[in-house]
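K.L.:
Chain order of the listed sequences is A and B.
Read in order, the letters of the first sequence are residues 771 to 980 in my numbering.
Read in order, the letters of the second sequence are residues 87 to 260 in my numbering.
Each hint should be verified, as a subset may be incorrect.
Stated by the list, open to error - Pairwise CB distance ranges, derived in the manner of DEER restraints: (1) A:Pro916 x B:Thr231: 46 to 54 Å; (2) A:Met969 x B:Thr208: 54 to 62 Å; (3) A:Thr819 x B:Glu95: 21 to 29 Å; (4) A:Thr933 x B:Gly246: 54 to 62 Å; (5) B:Gln172 x A:Ala932: 21 to 29 Å; (6) B:Arg192 x A:Thr933: 54 to 62 Å; (7) A:Leu915 x B:Thr193: 32 to 40 Å; (8) A:Phe926 x B:Pro212: 50 to 58 Å; (9) B:Val109 x A:Lys838: 31 to 39 Å; (10) B:Asn133 x A:Ser900: 50 to 58 Å; (11) B:Pro229 x A:Thr933: 45 to 53 Å; (12) A:Pro922 x B:Thr161: 46 to 54 Å; (13) B:Glu112 x A:Thr933: 38 to 46 Å.
Bear in mind the hints are in silico, worked out from the structure with no lab data behind them.
Built from N, CA and C at the ideal position, the CB exists for glycine as well.
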Amino acid sequence: MSFVNFDKKEINFKVVYYGPPMGGKTSNLAYLHDVMPAEVRGDLTMLSTQQDRTLYFDFLPLQSTVIKGFISRFQLYTVPGQPIYDRTRRIVLTGADGIVFVADSQWSQMTSNADSLENLKANLVSHGRSFDTTPLVFQLNKRDLPDIAPAPYMEFLLNRGATKADCVEATAVKGNGVAETLNRICKMVLAQFIEEHNMKVSVVRRAESA
Amino acid sequence: MTGLTLDIEQARALNRVVTDLLVQAEASVVLLTDIGGNVLAQAPQRNDPHLQTMAALAAGAFSATRELARLTGETAFRSVSHEGEQTSLFVQSLNEDFLLVIVFQRTTTLGLVKLYGRQAATDLAPMLGEVRHQAPVSSAFGPFTLDETSAAVFDLPAPGSLRGRAVRPPLRTG
């Protein structure tokens with residue numbers, strides 16, 4: 771849920787990386803933390819088990835000057851992918867402005883991808899949100915591995931909403947597709963925020979001039 | 087989807103309450119956050135990126151305790167306390183949507199923090215009610231516009247090149 775502070779001239783947005791276990795969600799944030807200039811990003815916080823599996827969430831704050839006159843802060847979160855952590859995923863999803871669904875391209879993980887996507891839809895509904903109107907980007911990850919499904923097949927399997935989402939092929943551990951995914955979801959979030967806000971401003975102005 | 091919007095007067099009024107709480111409770115940091123971890127007000131006023139992370143973690147941890155409350159048959163836990171050797175942290179729920187996060191040292195006591203925390207919660211309740219239910223924008227602040235000179239929201243080097251180098255000038259942070 772966006773948060774605007776006109777005193778500090780700041781706008782906060784929340785982007786959640788969702789997807790099946792071991793799909794590469796944390797790898798996306800780790801790569802971004804590695805390559806982002808220090809003045810643009812905060813620390814990467816990882817709440818993991820001893821086996822480096824995400825236990826609660828990972829958190830990486832980024833900032834940009836993309837909206838004139840304001841600091842736009844994008845707070846990136848991951849969710850734990852393992853099925854037992856469903857309540858945790860629901861908590862982390864609270865107030866998300868945009869979602870990156872990180873799908874695992876290996877043939878063996880297609881059922882896991884589909885299950886996670888259904889879980890995302892159910893959790894959005896539990897928050898009173900619609901899957902079709904929430905900014906979403908599919909990242910088809912692990913494209914460097916052998917035995918992977920063709921991208922068109924994965925799009926057919928996953929991208930079946932009323933509105934077709936953007937799909938980005940990626941190898942997150944090497945950084946391929948990570949920046950493109952981030953920029954696409956941020957642009958979608960900004961477009962929705964600006965459209966909603968500016969529509970309200972024009973309504974208020976019309977009322978004031980009437 | 088409707089976000090939260092603070093105008094200048096609201097932001098400053100909230101900051102006054104948390105600053106008073108910081109002084110009275112002799113705390114080292116006070117954050118007013120929403121349940122998503124956004125910082126609505128803070129004391130002291132300093133640009134510290136760790137406070138943003140602290141807010142996100144505190145909000146996440148408090149949400150987890152709500153689930154624990156549910157599992158134990160309780161409606162909600164009102165507060166959570168983390169006691170350390172030198173530094174402690176107290177999180178108080180103001181309502182379903184907002185939290186007070188108070189960091190304090192051994193020089194003060196949990197009792198004092200709770201006492202003034204309750205008083206601040208009373209002062210904040212009507213103000214937060216107004217924030218939650220107000221029209222989300224004021225015409226005085228006009229429409230938002232994108233900086234058309236930026237091709238991307240974040241300019242990043244191609245994978246494998248320029249790793250770790252700044253690719254855009256430093257941002258204004260204060």
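K.L.:
Should the hint that B:Pro229 and A:Thr933 are 45 to 53 Å apart at their CB atoms be regarded as holding?
P.N.:
violated, 24 Å
K.L.:
Please check whether A:Pro922 and B:Thr161 have a Cβ separation lying inside 46 to 54 Å.
P.N.:
holds, 50 Å
K.L.:
Is 21 to 29 Å respected by the C-beta to C-beta distance linking B:Gln172 and A:Ala932?
P.N.:
This hint is violated: roughly 55 Å between Cβ atoms.
K.L.:
Does the beta carbon distance between B:Arg192 and A:Thr933 stay inside 54 to 62 Å, or does it fall outside?
P.N.:
holds, 55 Å
K.L.:
Given the hint of 46 to 54 Å, is the C-beta distance from A:Pro916 to B:Thr231 inside that range or not?
P.N.:
holds, 47 Å
K.L.:
Do B:Glu112 and A:Thr933 keep their Cβ atoms within the hinted range of 38 to 46 Å?
P.N.:
Given about 53 Å between the Cβ atoms, the range is violated.
K.L.:
Taking the beta carbons of A:Leu915 and B:Thr193, is their distance inside 32 to 40 Å?
P.N.:
Given about 56 Å between the Cβ atoms, the range is violated.
K.L.:
The hint says 21 to 29 Å between A:Thr819 and B:Glu95; measuring C-beta to C-beta, is that right?
P.N.:
violated, 46 Å
K.L.:
Quick check on a hinted range of 50 to 58 Å for A:Phe926 and B:Pro212, using CB atoms only.
P.N.:
holds, 53 Å
K.L.:
In this structure, is the beta-carbon distance linking A:Thr933 and B:Gly246 contained in 54 to 62 Å?
P.N.:
Since A:Thr933 and B:Gly246 have Cβ atoms about 34 Å apart, the given range 54 to 62 Å is violated.
K.L.:
Go ahead and decide if the range 50 to 58 Å is satisfied by the Cβ distance of B:Asn133 to A:Ser900.
P.N.:
With a Cβ separation near 37 Å, B:Asn133 and A:Ser900 fall outside 50 to 58 Å, so the hint is violated.
K.L.:
31 to 39 Å was suggested as the range; check whether the CB atoms of B:Val109 and A:Lys838 agree with it.
P.N.:
holds, 37 Å
The structure fails hints 2, 3, 4, 5, 7, 10, 11 and 13 (numbered hints given earlier, in ascending order).
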